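Number of protein chains: 2
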Amino acid sequence: MNFPSKLIEDAVTEISRLPGIGKKTALRLALHLLKQNEVVTEALALSITKMRSEIHYCKTCHNISDDVECSICKSHRRDRTTICVVEDIRDVLAIENTNQYQGLYHVLGGVISPIQGIGPEELKIETLIERVMLGDVSEIILALSATMEGDTTSFYLGKRLKETGVKVSTIARGIPVGGELEFTDEVTLGRSILTRINYGNE
Amino acid sequence: MNFPSKLIEDAVTEISRLPGIGKKTALRLALHLLKQNEVVTEALALSITKMRSEIHYCKTCHNISDDVECSICKSHRRDRTTICVVEDIRDVLAIENTNQYQGLYHVLGGVISPIQGIGPEELKIETLIERVMLGDVSEIILALSATMEGDTTSFYLGKRLKETGVKVSTIARGIPVGGELEFTDEVTLGRSILTRINYGNE
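Same order as they appear, the protein sequences are chains A and B.
So in the UniProt record's numbering, spot 39 of the first sequence is number 39, and the numbers just go up one at a time.
So in the UniProt record's numbering, spot 110 of the second sequence is number 110, and the numbers just go up one at a time.
Simulated from the structure, these hints should not be mistaken for laboratory data.
Any given hint might turn out to be false.
Derived Cβ-Cβ restraints for the label pairs, each shown as a range [stated by the list, open to error]:
1) B:Arg191 <-> A:Glu54: 54 to 60 Å
2) B:His32 <-> A:Gly117: 15 to 21 Å
3) A:Glu96 <-> B:Phe155: 53 to 59 Å
4) B:Glu96 <-> A:Lys59: 49 to 55 Å
5) B:Arg191 <-> A:Val187: 32 to 38 Å
Pairs of lysine-lysine residues, derived as DSS-like cross-links and limited to a Cα-Cα distance of at most 30 Å, are as follows [stated by the list, open to error]:
6) B:Lys74 <-> A:Lys24
7) B:Lys74 <-> B:Lys162
8) B:Lys24 <-> A:Lys74
9) A:Lys162 <-> A:Lys59
10) B:Lys124 <-> B:Lys167
11) B:Lys74 <-> A:Lys23
12) A:Lys6 <-> B:Lys35
13) A:Lys23 <-> B:Lys24
14) B:Lys24 <-> A:Lys59
15) A:Lys24 <-> A:Lys6
16) A:Lys124 <-> B:Lys162
17) A:Lys24 <-> A:Lys35
18) A:Lys24 <-> A:Lys50
What the simulated footprint calls covered on chain A by chain B, stretch by stretch (three residues with Cβ under 8 Å from a Cβ of chain B suffice, anywhere in the stretch; the number is not a length) [claimed, not checked]:
19) 24-30
20) 53-60
Keep in mind it's a predicted model, so treat the numbers as computed, not measured.
Virtual Cβ for every residue (Gly too), placed ideally from N, Cα, C.
Generate coordinates for the entire structure from the input sequences, incorporating the hints supplied.
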């Protein structure tokens, strides 16, 4: 594309670096920003740079935070005996939105994936073991994706955590709420039978 | 959504103001930016604010420009006797990319739309008449959308330009290249017969 302006071209190039945004969408966004008041573009630019430069990662659970320790780890209303292990910050948000969990978190920063060259040492596993060793924790809940990588990571963590003697559980895999039996895949259905629970206990 | 960080929340709010980007996509983009080097987010923020604060609109054709006059109006290789009238900056880019047009442009900044409260006085029509009055122009090509609003604007411009005595043409409406006859709508097909051209002349 030939741009009549270097300024537009630069903005389009930078915006199109974002995931899922191509040159055409970037141009649409740039032209939209051009029509806005200068205050709007400044607020956008400032919020991005401020977020990137001032954000902290919680020293305990590696969740994002405005402070050295995140609001969940600091809270006195959370159950400090349970730690839920997740892959990503987004998983923390997802679980928090269910309002079903009152414990703490531990963000691994990824899952073991030999294809992408991510081994256990790339993940925040040692700090998890340390937290368990401190002795306050009675249960670790593994809440990783039901993929090959997620299962591998769960298996590895289970083995590592066995030494500490802490109780380790994993979130249930089964048919989703609202899901119809005949459309559920065989593996999921098979697992949901093997890991069945007493009726009324769910 | 409950954000663990005010910084993230601000960034997500600002990003989700962009057209076509919801809260979930904004969060995905914010978390992506968090993982990038600080240089990347700074380049993005700078390009946006710089574009918004330093951009000019060409004094002659109202196209975007890094200068008081745009590169097309300044160029000595363009045919200065023809002006193509378009709605938007994006239309200039689209026509430029065809490599079929060597004349100048005039960006109206919209089309007449009573529903949206846009009348002729909101558009850059007076400056177009002035350009024609200067006497160098021999043909005005109306390249507006084939919509009700586009046609209304073409009709209005045709009437206004009649006084000046300049030749006025409009881009052809017909079946698109690669389009099959049986799938073309009746109005387009009817028009393409009425405005037929001598074979070999297209």
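Hint check results:
1. B:Arg191 <-> A:Glu54: 54 to 60 Å: Given about 59 Å between the Cβ atoms, the range holds.
2. B:His32 <-> A:Gly117: 15 to 21 Å: At roughly 20 Å between Cβ atoms, Gly117 of chain A and His32 of chain B fall inside 15 to 21 Å, so the hint holds.
3. A:Glu96 <-> B:Phe155: 53 to 59 Å: 57 Å, holds
4. B:Glu96 <-> A:Lys59: 49 to 55 Å: Taking Cβ atoms as reference, Glu96 of chain B and Lys59 of chain A lie about 54 Å apart, which means the hint holds.
5. B:Arg191 <-> A:Val187: 32 to 38 Å: The hinted range 32 to 38 Å is violated for Arg191 of chain B and Val187 of chain A, with Cβ atoms some 57 Å apart.
6. B:Lys74 <-> A:Lys24: 26 Å, holds
7. B:Lys74 <-> B:Lys162: Holds, at about 27 Å.
8. B:Lys24 <-> A:Lys74: Distance of about 26 Å is within 30 Å: holds.
9. A:Lys162 <-> A:Lys59: Since the Cα atoms of Lys162 of chain A and Lys59 of chain A sit roughly 24 Å apart, the hinted pair holds (cutoff 30 Å).
10. B:Lys124 <-> B:Lys167: Since the Cα atoms of Lys124 of chain B and Lys167 of chain B sit roughly 19 Å apart, the hinted pair holds (cutoff 30 Å).
11. B:Lys74 <-> A:Lys23: The hint holds at about 27 Å.
12. A:Lys6 <-> B:Lys35: Cα-Cα ~28 Å, so holds.
13. A:Lys23 <-> B:Lys24: Cα-Cα ~21 Å, so holds.
14. B:Lys24 <-> A:Lys59: 26 Å, holds
15. A:Lys24 <-> A:Lys6: Judged against 30 Å, a Cα distance of about 16 Å means the pair holds.
16. A:Lys124 <-> B:Lys162: Not OK: Lys124 of chain A and Lys162 of chain B at ~74 Å, beyond 30 Å, violated.
17. A:Lys24 <-> A:Lys35: With Cα atoms ~17 Å apart, Lys24 of chain A and Lys35 of chain A stay inside 30 Å; holds.
18. A:Lys24 <-> A:Lys50: 27 Å, holds
19. 24-30: holds (count 5)
20. 53-60: With 3 residues in contact (Cβ-Cβ under 8 Å with chain B), the coverage given for the region 53-60 of chain A holds.
The structure is inconsistent with the numbered hints 5, 16, although it conforms to all the rest.
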